[in-house]
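Given only the sequences and the hints, what does the whole structure look like? Please build it.
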Amino acid sequence: MDNILPKLDNTQTKDRIAKILRQEIISGRFKNGEQLTQEQIAQYLNTSRIPVREAFLILELEGFLSRLPNRHVLVVGPKIDLLKDIFELIASVEIQIIKILLNSKKDIRNILVADAKQFRQVLLIEIDNYFIKENYSRLLVGYPQYVWDNIEKKSSDEDLHNSLITSIQTHELKAIAKFVYKYYFSLADSLTKKLNRS
1 MDNILPKLDN TQTKDRIAKI LRQEIISGRF KNGEQLTQEQ IAQYLNTSRI
51 PVREAFLILE LEGFLSRLPN RHVLVVGPKI DLLKDIFELI ASVEIQIIKI
101 LLNSKKDIRN ILVADAKQFR QVLLIEIDNY FIKENYSRLL VGYPQYVWDN
151 IEKKSSDEDL HNSLITSIQT HELKAIAKFV YKYYFSLADS LTKKLNRS
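Going by the working numbering, 88 is the number at position 88 of the sequence shown; the sequence numbering is gapless.
Hints listed in this document are in silico derivations from the structure and should not be mistaken for laboratory results. A virtual CB, placed ideally from N, CA and C, is assigned to each residue, including glycine. Careful: at least some of the hints might be erroneous.
Stated by the list, open to error - 25 Å max Cα-Cα, derived BS3-like pairs, lysine-lysine:
1) Lys-31 with Lys-194
2) Lys-174 with Lys-193
3) Lys-133 with Lys-182
4) Lys-133 with Lys-117
5) Lys-19 with Lys-84
6) Lys-117 with Lys-174
7) Lys-193 with Lys-117
8) Lys-193 with Lys-182
9) Lys-154 with Lys-182
10) Lys-133 with Lys-178
11) Lys-84 with Lys-194
Said to hold, decoys possible - The following label-pair restraints were derived from C-beta to C-beta distances:
12) Leu-102 with Arg-197: 20 to 28 Å
13) Leu-195 with Lys-105: 37 to 45 Å
14) Leu-89 with Leu-195: 17 to 25 Å
15) Arg-16 with Asp-85: 24 to 32 Å
Here it is as structure tokens:
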């Protein structure tokens with residue numbers, strides 16, 4: 001393996017390591033089916049194996065790694081034909097969160113004033129259901145976060161966000177679903193194009 005990973009100092013956490021590995025997997029630098037070891041990653045990141053092992057567990061739960069019996073893991077890289085399904089699932093969860101918040105009669109002003117970048121963080125703050133909050137957060141950390149961090153935003157994203165906010169203000173559930181799905185399918189399309197160029 002080429003030394004493609006940035007060096008870490010010992011103060012870095014399992015979350016930082018997981019983020020680096022997730023980025024490398026989604027970008028295709030680690031290939032689907034490639035074996036990784038704790039020792040190998042710890043050496044490249046200049047850290048101990050413990051946070052690497054913990055990062056492997058995080059990524060296994062997120063579906064980016066598959067554990068082998070010999071303490072190695074297999075990379076489960078993005079499959080282009082499945083990306084739309086993944087983003088559709090995330091959109092479905094987000095729509096459900098918006099419905100829950102609208103039905104709860106909670107003050108939704110924070111949601112209405114959030115810009116496109118803050119919107120999902122505000123949803124995480126506003127939703128009271130811990131189970132939904134944790135799982136939605138995990139979904140956002142993977143593929144969507146990669147797109148947000150690495151792919152230039154489309155001008156249409158802001159228009160979609162503004163349309164979504166208008167739909168939330170008027171409680172138009174069909175319109176909310178339409179704009180959320182459109183947004184996430186746009187992310188899937190952007191990621192697919194990037195991966196096809198790689």
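Structure-based check of all given hints:
Proposed proximity of Lys-31 and Lys-194 is supported: the alpha carbons are some 15 Å apart, at most 25 Å. For the hint pairing Lys-174 with Lys-193, the CA-to-CA distance comes to about 28 Å; that exceeds 25 Å, so the pair is violated. Annotation: proposed proximity of Lys-133 to Lys-182 holds, straight-line Cα distance about 22 Å (limit 25 Å). At most 25 Å may separate the alpha-carbon atoms for a hinted pair to count; Lys-133 and Lys-117 meet this at roughly 18 Å.
The hinted pair formed by Lys-19 and Lys-84 meets the criterion: a straight-line CA distance of about 22 Å does not exceed 25 Å. For the given pair, Lys-117 sits about 23 Å from Lys-174 by alpha-carbon distance, which is consistent with the 25 Å threshold. For the suggested pair Lys-193 and Lys-117, the alpha carbons sit about 22 Å apart, so the restraint of at most 25 Å is met. Distance hint between Lys-193 and Lys-182 is fulfilled; the C-alpha atoms sit about 16 Å from each other, no more than 25 Å.
In summary, the hint linking Lys-154 to Lys-182 is supported, as the alpha carbons are separated by about 13 Å, within the 25 Å threshold. Between Lys-133 and Lys-178 the CA atoms are separated by roughly 22 Å; this keeps the pair inside 25 Å, and the hint holds. Straight-line distance between C-alpha atoms of Lys-84 and Lys-194 comes to about 14 Å, which keeps the hinted pair within the 25 Å bound. About 39 Å separates the C-beta atoms of Leu-102 and Arg-197, a value inconsistent with the hinted range of 20 to 28 Å.
Checked against the hint of 37 to 45 Å, the pair Leu-195 and Lys-105 passes, with Cβ atoms roughly 42 Å apart. As the Cβ distance of Leu-89 to Leu-195 is approximately 18 Å, the hint placing it in 17 to 25 Å holds. For the hinted restraint 24 to 32 Å between Arg-16 and Asp-85, the CB-CB distance of approximately 29 Å keeps it satisfied.
Comparing the model with each numbered hint stated earlier shows that hints 2 and 12 do not hold.
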